[in-house]
Amino acid sequence: MSQVRQVMQSPADTLGGDNAPPTVLQVSRLAAHFPQWRACAPSPWVLRTVAMGYRLQFRVKPPRFQRVVNTTVNTEAAMILREEIKALLQKRAIRVVPASETDKGWYSRYFVVPKKGGGLRPILDLRVLNTYLRTYRFKMLTLRQLLNAVGLGDWFATIDLTDAYFHVAIHPKHRQFLRFAFEGVAYEYLVLPFGLSLAPRTFTKCAEAALAPLRERGIRILAYLDDWALVACFREQAETQLSLVLSHIQTLGFSVNFQKSSLIPSQQISFLGLEICSLSSRARLSEHRVAAFHRCLAQFQLGRRLRFQTILSLLGMMASMIAVVPLGLLKMRAFQRWTLSHRLCASRHLRRRLPVTASCMLALRPWREPRLLHQGSRIGRVLFRKVVSTDASLRGWGALCEGASVRGIWSAAQRQLHINHLELLAVFLALKHFCPVLEGQHVLVRTDNSTVVSYINRQGGTRSLPLLKLSRSLLLWCSVHFLSLRATHVPGHLNLGPDLLSRGGPLVREWRLHPLIVAQIWDLFGKAQIDLFASRVNTHCPLFFSIIDHDAPLGLDALAHQWPDVLLYAFPPVEMISPVLEPVRRHSLSLGPLGPLSGTLWAPWWPTRSWYAEIISLLAASPWQLPLRRDLLSQAGGEVFHPRPDLWRLHAYLLRG
Numbered sequence: 001m002s003q004v005r006q007v008m009q010s011p012a013d014t015l016g017g018d019n020a021p022p023t024v025l026q027v028s029r030l031a032a033h034f035p036q037w038r039a040c041a042p043s044p045w046v047l048r049t050v051a052m053g054y055r056l057q058f059r060v061k062p063p064r065f066q067r068v069v070n071t072t073v074n075t076e077a078a079m080i081l082r083e084e085i086k087a088l089l090q091k092r093a094i095r096v097v098p099a100s101e102t103d104k105g106w107y108s109r110y111f112v113v114p115k116k117g118g119g120l121r122p123i124l125d126l127r128v129l130n131t132y133l134r135t136y137r138f139k140m141l142t143l144r145q146l147l148n149a150v151g152l153g154d155w156f157a158t159i160d161l162t163d164a165y166f167h168v169a170i171h172p173k174h175r176q177f178l179r180f181a182f183e184g185v186a187y188e189y190l191v192l193p194f195g196l197s198l199a200p201r202t203f204t205k206c207a208e209a210a211l212a213p214l215r216e217r218g219i220r221i222l223a224y225l226d227d228w229a230l231v232a233c234f235r236e237q238a239e240t241q242l243s244l245v246l247s248h249i250q251t252l253g254f255s256v257n258f259q260k261s262s263l264i265p266s267q268q269i270s271f272l273g274l275e276i277c278s279l280s281s282r283a284r285l286s287e288h289r290v291a292a293f294h295r296c297l298a299q300f301q302l303g304r305r306l307r308f309q310t311i312l313s314l315l316g317m318m319a320s321m322i323a324v325v326p327l328g329l330l331k332m333r334a335f336q337r338w339t340l341s342h343r344l345c346a347s348r349h350l351r352r353r354l355p356v357t358a359s360c361m362l363a364l365r366p367w368r369e370p371r372l373l374h375q376g377s378r379i380g381r382v383l384f385r386k387v388v389s390t391d392a393s394l395r396g397w398g399a400l401c402e403g404a405s406v407r408g409i410w411s412a413a414q415r416q417l418h419i420n421h422l423e424l425l426a427v428f429l430a431l432k433h434f435c436p437v438l439e440g441q442h443v444l445v446r447t448d449n450s451t452v453v454s455y456i457n458r459q460g461g462t463r464s465l466p467l468l469k470l471s472r473s474l475l476l477w478c479s480v481h482f483l484s485l486r487a488t489h490v491p492g493h494l495n496l497g498p499d500l501l502s503r504g505g506p507l508v509r510e511w512r513l514h515p516l517i518v519a520q521i522w523d524l525f526g527k528a529q530i531d532l533f534a535s536r537v538n539t540h541c542p543l544f545f546s547i548i549d550h551d552a553p554l555g556l557d558a559l560a561h562q563w564p565d566v567l568l569y570a571f572p573p574v575e576m577i578s579p580v581l582e583p584v585r586r587h588s589l590s591l592g593p594l595g596p597l598s599g600t601l602w603a604p605w606w607p608t609r610s611w612y613a614e615i616i617s618l619l620a621a622s623p624w625q626l627p628l629r630r631d632l633l634s635q636a637g638g639e640v641f642h643p644r645p646d647l648w649r650l651h652a653y654l655l656r657g
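According to the numbering used here, the residues represented by the sequence shown are 1 to 657, in order.
Honestly, I wouldn't trust all of these hints.
Unchecked claim - Below are the PhoX-like pairs computed for lysine-lysine, each with C-alpha atoms no more than 25 Å apart in a straight line: (1) K139 x K173; (2) K104 x K86; (3) K173 x K104.
To be verified - Quick list of simulated restraints, FRET-style, between CB atoms: (4) E287 x D160: 13 to 21 Å; (5) R55 x A212: 18 to 26 Å; (6) R144 x K173: 39 to 47 Å.
It should be emphasised that the hints constitute simulated quantities derived from the structure, not laboratory data. Idealized CB from N, CA, C, for every residue including glycine.
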């Protein structure tokens, strides 16, 4: 034991000299390049961390010293731990704590776990210390972001850093909280250790600050902790930019692991457990990840009792793969519900053993399909989506797509369903109706129901079994007919068209002429000042009488009031044409233009009607036929179009009494 101590202490003497604590400059790979860091103009927090070391961000008062906690392991693990400590000392990641300072600070234990590829891995158990630290939300690169950032024909290179966390030193005053003891010797970490809950955030903030100047120069580089990928459009561009990246990060003090890096540009790479090929625009799981998943899945056999920790591990593997597994999150939902049904807590019940039931085996059946993990998914962003807007009420449903509309009425049994169920069912019915237009396209659903958005984008949920079943049917059907399906939330007051349709619309008397057509009428006959038959949503004049709005500026029902002697505008229902013509003839008023409207089966050019002769007798200019266009007549702020405006042959007339 004394020999081991002597070997371990010699690097510490080299670091500090006479057991003096080493400075940040001596142990940090970044602090020695502080002037270059300052040129990157990062945040003050990053500059302080690089120059002075990382201060642990405590949520509560730091833990007080209790005792020196010695790590005790079996013989095989002890050999592994000795080698680990020796390597850490050589890397200047730890130092031996002087005997005069051992009775303070906080001590954690080391434990040893099996490696995926065989062997054992020592890990410092910082779980208790982590409870004293703050929790922050921060963004790391996701597989979905990675796949969206890659385009057809792109070239790649990957950079792997050596001991990424060890680039960032710990502030000298906070090293005492990162201590451990083994075989009678106390050690403390001088750099970020693995297992510290805030280590990923700390290193990511420093790495992103280092990469910011490169991105400002148009270099696409994706970083996930110590794994970085360079993406370029051309091979020559990739080679040039790779030289710039390597020179820049080495100037800042980062150490590159050239053996693990792929520095020859290629159109196919292995990155973050994915095999990405820009020529085929596909990404799939690496064989290593597939094999690891199947090893874990093989433990789930009917009647076997497994630790809750194993169940959570399988869930975690599923969650990490959903970006490249078709409908992976949907296939995961049944197993999630089975796991949640036991009402266990991950922090307290990891060792609890649960029997693998028939329902569990049924939930895992899709994941045992041999081809599932090898299919992969498309890469690249979706540049264009066909949009479908939907809404549902307790009465019915409605939807719009590229100017076309559809609506339906719920049956008595359907009216008993929850409104969230009706909203999701409305989406399904709308997509089926518009399928000929949407076939083979990327589709975006606009709805004012946030639950529907969640159940589409997150491929189901765990709270509502009826919604999960309906979303499953919807997503499976869409996977056959569409390239992809996404949903977005739109506030209810902006979802006017579908809302109108779901409540039984469109309304017979609420059609509105297109503003450009009205402007042409103003040019021909003069701009009217008062609208006789309007509402706040369809008027073309600031002053108007209304049929339905009690707070109209000029009052309710134009026929009940005396009309001002100004140029008027009237677009009444067909049955009100004759009553409108009477005051024009009697009071010699100017009325222009007049275009009757009642419903989809009526047309104003109707010589057989009695009111047509009255119009001709009052004409002050030749009638003007309105040009035909798809959006000639609309409702709901221009979202709902009249299905057959051609049947009306609308004309504008300038009349004088």
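Hint numbers not upheld by this structure, sorted from lowest to highest: Hint 1 alone not satisfied by this model.
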